[in-house]
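Engineer: Chain L is already provided as a structure; the job is to place chain B on it using the hints.
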Amino acid sequence: NAGVTQTPKFQVLKTGQSMTLQCAQDMNHEYMSWYRQDPGMGLRLIHYSVGAGITDQGEVPNGYNVSRSTTEDFPLRLLSAAPSQTSVYFCASSPPGGRGTEAFFGQGTRLTVV
Amino acid sequence: AQSVAQPEDQVNVAEGNPLTVKCTYSVSGNPYLFWYVQYPNRGLQFLLKYITGDNLVKGSYGFEAEFNKSQTSFHLKKPSALVSDSALYFCAVSGYTNAGKSTFGDGTTLTVKP
Chain L
1 NAGVTQTPKF QVLKTGQSMT LQCAQDMNHE YMSWYRQDPG MGLRLIHYSV GAGITDQGEV
61 PNGYNVSRST TEDFPLRLLS AAPSQTSVYF CASSPPGGRG TEAFFGQGTR LTVV
Chain B
115 AQSVAQPEDQ VNVAEGNPLT VKCTYSVSGN PYLFWYVQYP NRGLQFLLKY ITGDNLVKGS
175 YGFEAEFNKS QTSFHLKKPS ALVSDSALYF CAVSGYTNAG KSTFGDGTTL TVKP
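Line by line, the protein sequences give chains L and B. The first sequence finishes on residue 114 if you use the numbering used here, and the numbering steps up by one all the way, no holes. The second sequence finishes on residue 228 if you use the numbering used here, and the numbering steps up by one all the way, no holes.
What the hints contain is simulated information worked out from the structure, not anything from laboratory work. No residue lacks a Cβ here, since even glycine has one placed at the ideal position from N, Cα and C. Among these hints, one or two may not hold up.
Pairs of lysine to any residue residues, derived as SDA-like cross-links and limited to a Cα-Cα distance of at most 25 Å, are as follows [what the hints assert, rightly or not]:
#1 L:9 with B:200
#2 B:172 with L:50
#3 B:136 with L:3
#4 L:9 with B:201
#5 B:163 with L:9
#6 B:183 with L:5
#7 B:183 with L:42
#8 B:136 with L:39
#9 B:163 with L:5
#10 B:191 with L:40
#11 L:9 with B:202
#12 B:163 with L:30
#13 B:163 with L:96
#14 B:163 with L:58
#15 B:191 with L:42
#16 B:136 with L:42
#17 L:9 with B:154
#18 B:163 with L:77
#19 B:163 with L:80
#20 L:9 with B:141
#21 B:172 with L:77
#22 B:163 with L:41
#23 L:9 with B:191
#24 B:172 with L:9
#25 L:14 with B:155
#26 B:136 with L:9
#27 L:9 with L:77
#28 B:172 with L:97
#29 B:172 with L:82
#30 B:163 with L:14
#31 B:191 with L:30
#32 L:9 with B:153
#33 L:9 with B:184
#34 B:172 with L:58
Chain B residues, not near chain L, derived (Cβ > 12 Å throughout) [stated by the list, open to error]:
#35 130
#36 168
#37 186
In isolation and in its complexed conformation, chain L is listed as follows (with noise of 0.2 Å):
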C-alpha cells in the first residue's frame, strides 16, 4: 500500500515558470488536500478538496490552482513561480468520517525559484 505518494521530490524553477506538482493516494480517501511549509510557520493550506469535481480554497491559494478529477489524483498547479513561492509542499488525504479523522501526509517536494 503507497499511501500517498507525491512527484517530483525536488524542482528548481526559474521566475515565471509553471509546473505542476503531482499528488496520488490509494486509500480512495475523499478528502485531500494541500499545505505549504515554510520555516517557523508551520503548515498552511493552500487549497482542499472533499471529493472528485469538489475543491475550495485555504488560507494561502493566491498563485496555486488545482482539480480533482478522480478521487485518486489532486495535482497542484504553480501557474507564474515567483522565488516567495519556495517551499516545501505536501499533499495530505484523510478519509471520510468528518473531522475527526486524521490525516496521511505525502513525503514532500522541496520546491525551489530562482
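Structural biologist: Structure of chain B alone, referenced to chain L:
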C-alpha cells in the same frame, strides 16, 4: 477562526526524562485535536488525536496527550524520552467538516540528548 499555538520553538530533554510539548488552541464548538511528528526530510506522521471522552489520549511510540478544556490545552507527553524521539512536532485542530482543513501550529523541535 480556529488557531493553534505552540509556545516553545524548541524543547530539550535528557534521555530517560519525561517530556512535554505544549499546545493551546482556539476553536468554535468542540475541538478535534491532533498531534503529528515529522522526521527530517519526511512527511508528517499521525501520533494521536482527541475527539471526545477520556481526557488522556494514548498514541503511537508511547506518547500520550492530555486534553484540558478549561485551559484550552492539549499537551503532548511521554514518561521517558528516547534519543529517537528527536523530531519536529505539530499540534493541529480541526473545526470544520473534515481533517483536510486542519489548522496547524508552527511546530516544536524536540531534541533528546543522550
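Engineer: Now, for every hint given, state plainly whether the structure supports it.
Structural biologist: Verification of the hints:
About 23 Å separates the Cα atoms of residue 9 of chain L and residue 200 of chain B, which keeps this hinted pair within 25 Å; it holds. Between residue 172 of chain B and residue 50 of chain L the alpha-carbon distance is near 29 Å, which puts this suggested pair outside the 25 Å criterion. Annotation: proposed proximity of residue 136 of chain B to residue 3 of chain L is violated, straight-line Cα distance about 29 Å (limit 25 Å). Between residue 9 of chain L and residue 201 of chain B, the direct Cα distance comes to roughly 20 Å. Compliance with the 25 Å bound is thereby established for this hinted pair.
Proximity of residue 163 of chain B to residue 9 of chain L is assessed by CA-CA distance (about 29 Å); at most 25 Å being required, the pair is judged violated. Distance hint between residue 183 of chain B and residue 5 of chain L is unfulfilled; the C-alpha atoms sit about 37 Å from each other, more than 25 Å. With a C-alpha separation of about 24 Å, the suggested pairing of residue 183 of chain B with residue 42 of chain L holds against the 25 Å cut-off. A distance of roughly 19 Å separates the Cα atoms of residue 136 of chain B and residue 39 of chain L; the hinted pair therefore holds under the 25 Å criterion.
At roughly 24 Å between alpha-carbon atoms, residue 163 of chain B and residue 5 of chain L fall within 25 Å of each other, so this suggested pair holds. With a C-alpha separation of about 22 Å, the suggested pair residue 191 of chain B and residue 40 of chain L falls inside the 25 Å cut-off, and the hint holds. Taking the CA atoms of residue 9 of chain L and residue 202 of chain B, the gap is near 20 Å; set against the 25 Å cutoff, the hint holds. A hinted pair counts as satisfied when its Cα atoms are at most 25 Å apart, and residue 163 of chain B with residue 30 of chain L qualifies at roughly 20 Å.
The straight-line distance between the Cα atoms of residue 163 of chain B and residue 96 of chain L is roughly 16 Å, inside the 25 Å bound, and the hint therefore holds. Simply put, residue 163 of chain B and residue 58 of chain L have alpha-carbon atoms about 22 Å apart, close enough for the 25 Å limit, and the pair holds. With a C-alpha separation of about 20 Å, the suggested pair residue 191 of chain B and residue 42 of chain L falls inside the 25 Å cut-off, and the hint holds. Proximity of residue 136 of chain B to residue 42 of chain L is assessed by CA-CA distance (about 15 Å); at most 25 Å being required, the pair is judged to hold.
For the suggested pair residue 9 of chain L and residue 154 of chain B, the alpha carbons sit about 14 Å apart, so the restraint of at most 25 Å is met. Between residue 163 of chain B and residue 77 of chain L the alpha-carbon distance is near 32 Å, which puts this suggested pair outside the 25 Å criterion. Distance check on the hinted pair: residue 163 of chain B and residue 80 of chain L sit about 38 Å apart at the alpha-carbon level, beyond 25 Å; violated. Using a Cα cut-off of 25 Å, the hinted pair residue 9 of chain L and residue 141 of chain B is violated, with the two alpha carbons roughly 34 Å apart.
Restraint check for residue 172 of chain B and residue 77 of chain L: not satisfied, since their Cα atoms lie roughly 38 Å apart, outside the 25 Å limit. The straight-line distance between the Cα atoms of residue 163 of chain B and residue 41 of chain L is roughly 22 Å, inside the 25 Å bound, and the hint therefore holds. This hinted pair does not check out: residue 9 of chain L and residue 191 of chain B have alpha carbons roughly 32 Å apart, beyond 25 Å. Simply put, residue 172 of chain B and residue 9 of chain L have alpha-carbon atoms about 33 Å apart, too far for the 25 Å limit, and the pair is violated.
Restraint check for residue 14 of chain L and residue 155 of chain B: satisfied, since their Cα atoms lie roughly 23 Å apart, inside the 25 Å limit. Proposed proximity of residue 136 of chain B and residue 9 of chain L is contradicted: the alpha carbons are some 31 Å apart, above 25 Å. Using a Cα cut-off of 25 Å, the hinted pair residue 9 of chain L and residue 77 of chain L holds, with the two alpha carbons roughly 15 Å apart. A threshold of 25 Å between alpha carbons decides the hint, and for residue 172 of chain B with residue 97 of chain L the separation of about 20 Å falls inside it, so the pair holds.
Restraint check for residue 172 of chain B and residue 82 of chain L: not satisfied, since their Cα atoms lie roughly 43 Å apart, outside the 25 Å limit. With a C-alpha separation of about 40 Å, the suggested pairing of residue 163 of chain B with residue 14 of chain L is violated against the 25 Å cut-off. Distance restraint check for residue 191 of chain B and residue 30 of chain L: the Cα-Cα separation of roughly 32 Å exceeds the 25 Å cut-off, and the hinted pair is therefore not satisfied. Among the hinted pairs, residue 9 of chain L with residue 153 of chain B is consistent with the structure: their alpha-carbon atoms are about 16 Å apart, no more than 25 Å.
At roughly 43 Å between alpha-carbon atoms, residue 9 of chain L and residue 184 of chain B are farther apart than 25 Å, so this suggested pair is violated. A distance of roughly 30 Å separates the Cα atoms of residue 172 of chain B and residue 58 of chain L; the hinted pair therefore is violated under the 25 Å criterion. Remark: the non-interface label on residue 130 of chain B is consistent with the geometry, its nearest Cβ contact in chain L lying 29 Å away (cut-off 12 Å). With a closest Cβ-Cβ approach of about 15 Å to chain L, residue 168 of chain B is found to remain outside the 12 Å limit, as its non-interface label requires.
Every C-beta of chain L lies more than 12 Å from that of residue 186 of chain B, the closest at about 17 Å, which supports listing it as non-interface.
Hints 2, 3, 5, 6, 18, 19, 20, 21, 23, 24, 26, 29, 30, 31, 33 and 34, counting from the list given before, are not met by this structure.
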